[in-house]
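Line by line, the protein sequences give chains A and B. Position 287, counted from 1, in the first sequence is what the working numbering calls 287; the numbers after and before it change by one each time, with no gaps. Position 58, counted from 1, in the second sequence is what the working numbering calls 547; the numbers after and before it change by one each time, with no gaps.
Keep in mind the hints are simulated off the structure, nothing from the lab. Don't take each hint at face value.
To be verified - What follows is a set of in silico ranges between Cβ atoms, one per label pair, in the way DEER data are often shown:
| hint | chain 1 | residue 1 | chain 2 | residue 2 | range |
| --- | --- | --- | --- | --- | --- |
| 1 | B | Pro702 | A | Leu134 | 42 to 52 Å |
| 2 | A | Lys122 | B | Glu674 | 27 to 37 Å |
| 3 | B | Pro702 | A | Gly30 | 28 to 38 Å |
| 4 | A | Thr220 | B | Glu636 | 53 to 63 Å |
| 5 | A | Arg248 | B | Gly672 | 56 to 66 Å |
| 6 | A | Arg365 | B | Gly672 | 25 to 35 Å |
What the hints assert, rightly or not - Derived lysine-lysine pairs resembling DSS-like cross-links, with alpha carbons at most 27 Å apart:
| hint | chain 1 | residue 1 | chain 2 | residue 2 |
| --- | --- | --- | --- | --- |
| 7 | A | Lys281 | A | Lys308 |
| 8 | A | Lys80 | A | Lys122 |
| 9 | B | Lys619 | A | Lys122 |
| 10 | A | Lys163 | B | Lys492 |
| 11 | A | Lys332 | A | Lys440 |
| 12 | A | Lys281 | A | Lys332 |
| 13 | A | Lys136 | A | Lys80 |
| 14 | A | Lys80 | B | Lys696 |
| 15 | B | Lys619 | B | Lys692 |
| 16 | A | Lys136 | A | Lys122 |
| 17 | B | Lys692 | A | Lys80 |
| 18 | A | Lys222 | A | Lys281 |
| 19 | A | Lys315 | A | Lys361 |
| 20 | B | Lys692 | A | Lys122 |
| 21 | A | Lys366 | A | Lys315 |
| 22 | B | Lys692 | B | Lys492 |
| 23 | B | Lys696 | B | Lys492 |
| 24 | A | Lys308 | A | Lys122 |
| 25 | B | Lys492 | B | Lys619 |
| 26 | A | Lys281 | A | Lys361 |
| 27 | A | Lys183 | B | Lys692 |
| 28 | A | Lys122 | A | Lys183 |
| 29 | B | Lys619 | A | Lys80 |
| 30 | A | Lys136 | B | Lys492 |
| 31 | A | Lys366 | A | Lys308 |
| 32 | A | Lys335 | A | Lys308 |
| 33 | A | Lys366 | B | Lys696 |
To be verified - Just a few of them, taken from the derived set where beta-carbon distance is under 7 Å, the chain B residues facing chain A:
| hint | residue |
| --- | --- |
| 34 | Ser624 |
| 35 | Tyr627 |
| 36 | Arg630 |
| 37 | Ile681 |
| 38 | Phe688 |
The structure presented is a predicted model; accordingly, all values stated were derived computationally and were not measured. Here a beta-carbon is modelled for each residue, glycine too, at the ideal position from N, C-alpha and C.
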Amino acid sequence: MAGVRFEIGEACYTPGRRILRGVSSSIDEGGLLLVAGPSGSGKTTLLLAFTGVLSNLLGGVIEGSSEIYGVNPLDPSGFKSVPRVVGAVLQDPDRQLAMPTPWDEASFLLENLGYRDEEVGKAVEGALRRFGLLDKAHFHVEDLSSGEKRRLTFASAIVHEPKLLILDEPTASLDPWGIREVKRLVEEARKGGSSVIVVEHKARHFIGEADRLMVIDRGTVKDEYGPGMALRDEELERLALMGIDARRPEVREPQRRPDSGAVLEVDSLDVGQIEDRPLIKEASFEVNRGEVIALVGPNGSGKTTLLKTLIGAVKPLSGSIRVRGSDILRMKRSKLLRAIFYIPQQPDHLFVASTLEGEVKEASRKGGLGFAEAAGMIPWYQELRSQSPYRLSFGQRMWLSIAIGGCYRPDVMLLDEPTAGLDYRLFCTLRGFVERLREKGLSILIATHDSRVVGELSDGALMIEDGRLRWEDRGRVVETLEHVAGVLI
Amino acid sequence: MRKPTPTSTFLYSLAITALAFIFREPRQLAAIGLPNGLLGFSIGFRRSRWIILLLAIAIWGTFLNALIVANTGDPVAYMGPLEVRVGALNATLTIGLRLLAIAGAALIFFSSTSPRELIRHLEAELRLPKGLAFSIAYSLRLFPLMERDFREIQLARLERGYRRFPITPTDVRSIMLPLLSVGYERAVWTGIGAELRGFALRKVRVKVIFGLPELMVTASIALQIIIAFLP
Numbered sequence: 001m002a003g004v005r006f007e008i009g010e011a012c013y014t015p016g017r018r019i020l021r022g023v024s025s026s027i028d029e030g031g032l033l034l035v036a037g038p039s040g041s042g043k044t045t046l047l048l049a050f051t052g053v054l055s056n057l058l059g060g061v062i063e064g065s066s067e068i069y070g071v072n073p074l075d076p077s078g079f080k081s082v083p084r085v086v087g088a089v090l091q092d093p094d095r096q097l098a099m100p101t102p103w104d105e106a107s108f109l110l111e112n113l114g115y116r117d118e119e120v121g122k123a124v125e126g127a128l129r130r131f132g133l134l135d136k137a138h139f140h141v142e143d144l145s146s147g148e149k150r151r152l153t154f155a156s157a158i159v160h161e162p163k164l165l166i167l168d169e170p171t172a173s174l175d176p177w178g179i180r181e182v183k184r185l186v187e188e189a190r191k192g193g194s195s196v197i198v199v200e201h202k203a204r205h206f207i208g209e210a211d212r213l214m215v216i217d218r219g220t221v222k223d224e225y226g227p228g229m230a231l232r233d234e235e236l237e238r239l240a241l242m243g244i245d246a247r248r249p250e251v252r253e254p255q256r257r258p259d260s261g262a263v264l265e266v267d268s269l270d271v272g273q274i275e276d277r278p279l280i281k282e283a284s285f286e287v288n289r290g291e292v293i294a295l296v297g298p299n300g301s302g303k304t305t306l307l308k309t310l311i312g313a314v315k316p317l318s319g320s321i322r323v324r325g326s327d328i329l330r331m332k333r334s335k336l337l338r339a340i341f342y343i344p345q346q347p348d349h350l351f352v353a354s355t356l357e358g359e360v361k362e363a364s365r366k367g368g369l370g371f372a373e374a375a376g377m378i379p380w381y382q383e384l385r386s387q388s389p390y391r392l393s394f395g396q397r398m399w400l401s402i403a404i405g406g407c408y409r410p411d412v413m414l415l416d417e418p419t420a421g422l423d424y425r426l427f428c429t430l431r432g433f434v435e436r437l438r439e440k441g442l443s444i445l446i447a448t449h450d451s452r453v454v455g456e457l458s459d460g461a462l463m464i465e466d467g468r469l470r471w472e473d474r475g476r477v478v479e480t481l482e483h484v485a486g487v488l489i
Numbered sequence: 490m491r492k493p494t495p496t497s498t499f500l501y502s503l504a505i506t507a508l509a510f511i512f513r514e515p516r517q518l519a520a521i522g523l524p525n526g527l528l529g530f531s532i533g534f535r536r537s538r539w540i541i542l543l544l545a546i547a548i549w550g551t552f553l554n555a556l557i558v559a560n561t562g563d564p565v566a567y568m569g570p571l572e573v574r575v576g577a578l579n580a581t582l583t584i585g586l587r588l589l590a591i592a593g594a595a596l597i598f599f600s601s602t603s604p605r606e607l608i609r610h611l612e613a614e615l616r617l618p619k620g621l622a623f624s625i626a627y628s629l630r631l632f633p634l635m636e637r638d639f640r641e642i643q644l645a646r647l648e649r650g651y652r653r654f655p656i657t658p659t660d661v662r663s664i665m666l667p668l669l670s671v672g673y674e675r676a677v678w679t680g681i682g683a684e685l686r687g688f689a690l691r692k693v694r695v696k697v698i699f700g701l702p703e704l705m706v707t708a709s710i711a712l713q714i715i716i717a718f719l720p
């Protein structure tokens, strides 16, 4: 029996600017609907539309109908009942968690729904135990690992046993181990009779489990696949061209360049501190001029700490780091920061101006690269020059931050998870940009757990496992990452 | 004994802040500045070290300002060629104690409550609208996130050849823009998340709690006022 049914004729945030047109589907009890589409295709808007958030909270307009287990979310009085039947897990746990401790977070929904104190206590204890968080029930959420935060968002979403569980890009910031965990949680929810809707551009992670795949682009349904779907190679290729990640990453020929000379040399480096031992012990590796190296490891394995150690922001416990033969610990800070440039995971942190034009001018002035050349790195510069950098799309912001780094003409650029949240089309565009920089002789070290980066962009892979760093065959790394995430294609 | 309710510590910090602006004499301000400063910084140091930094910057700024606008009376010290007079010291002391009292009371409040408790008590006891109570509570959740963002921004600024700490209005603007941009995006989604978790359905049960802990909080305000007016 279909527990959820929606038919969205049209949906828009402001009248006249249509985002969705003619999108409809239904889900049975215990069913899984996978909604795939590139960034900006309207996936999240669809979630906001059929749950009534768009029309009841955000002032949008919807023509159509929606029903979630007998509740009409488009009607203002029905919308108030949506939380009773829906549990939602949003893309980024830091944007969802509103309370300081796991106990408070999991209690929030039940208190809102008017549960009695003793019922709240019992349900919260059960949910936290189920997700392995009971021991940390009164920890501050900032003391939880990213995987634990993700589990907490699940615990808070299912604490009232909703009939529909909605997941918006649940794998965006997760490593393959986290993705496997999400898939297990989805399976558990379905076994408990909940219907599940997953919105995701990395469709390959859920295609194996989904009952139905709906592909949307530019606000309309492009394809729909029913139960027992078996996608042929040409269909996977077509989805990839749309920006949907539906197939295994290729492993391209690497371009390691041992003859071009080592730019970055790391020897017996111990970094970070976890209890009484280093987070990464005795790391030794070299990066040659013009190489792109992927630094792979699970969340919390020390990738970001290693990058920050390489730029001198975190002091190494022991060992040496040399850039073009000079020890970074003896280099002047200003010189060091020009030799290695670190691009943070959140690109906004790097911006200093209020327009794109101002940003490029500042980067050109401080970095020493000519303005025309700096602007030339950004294909959409002319079109968006007067726009605030903070209003660009995530892909554009990431692009801009790498271009800013390029203006400083460093020898080595360190990228921290640059492809998190990027669909396949944006990934390919970014890959082209990174390859251009590489051709100019820039060496790039990318902290990632994205198998696309390892297989399709990098020339070599460094793997962190059990606190040790080692070179690993790229094909094997891709295989491992896909296997851990449970990709079946 | 249970800890005082968030409403009582909230009202306590409001009362101390009001007194800090009412009192004019350094002796009176010392009566509220020293106990609140000592208590606040001893219990809130771990969670809010950044307030100490802000306080130090504010007192230093006050002293520089006092050297320009209130450097009157007898000289008491020399900074190179500059005479520091009793008026500048008095002004710095007065404002420093005022800031110490406010920061200390704020730390006592922040350190003794959690956002969830705060929402419940502000709604149930002070009958604050639930949207306002949630906003105040969520700001407490945002502080650690903003602190983390601030550290990342400092690192990015160093890389780009800018000062780590803001001095000019342009510096302040260029730090605030990314902080607010990231914070705004977070707040929008947290709001949507809260609504999907039934915030609109939240019912407030009015219930006033006043026991021994709250009595002690009230008594401590009275005691500080009495000490301030002792001859």
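* Violating hint indices (sorted, rising) -> Hints 1, 3, 4, 5, 10, 13, 18, 19, 24, 26, 27, 33 and 34 are the ones this structure does not satisfy, whereas the remaining hints hold.
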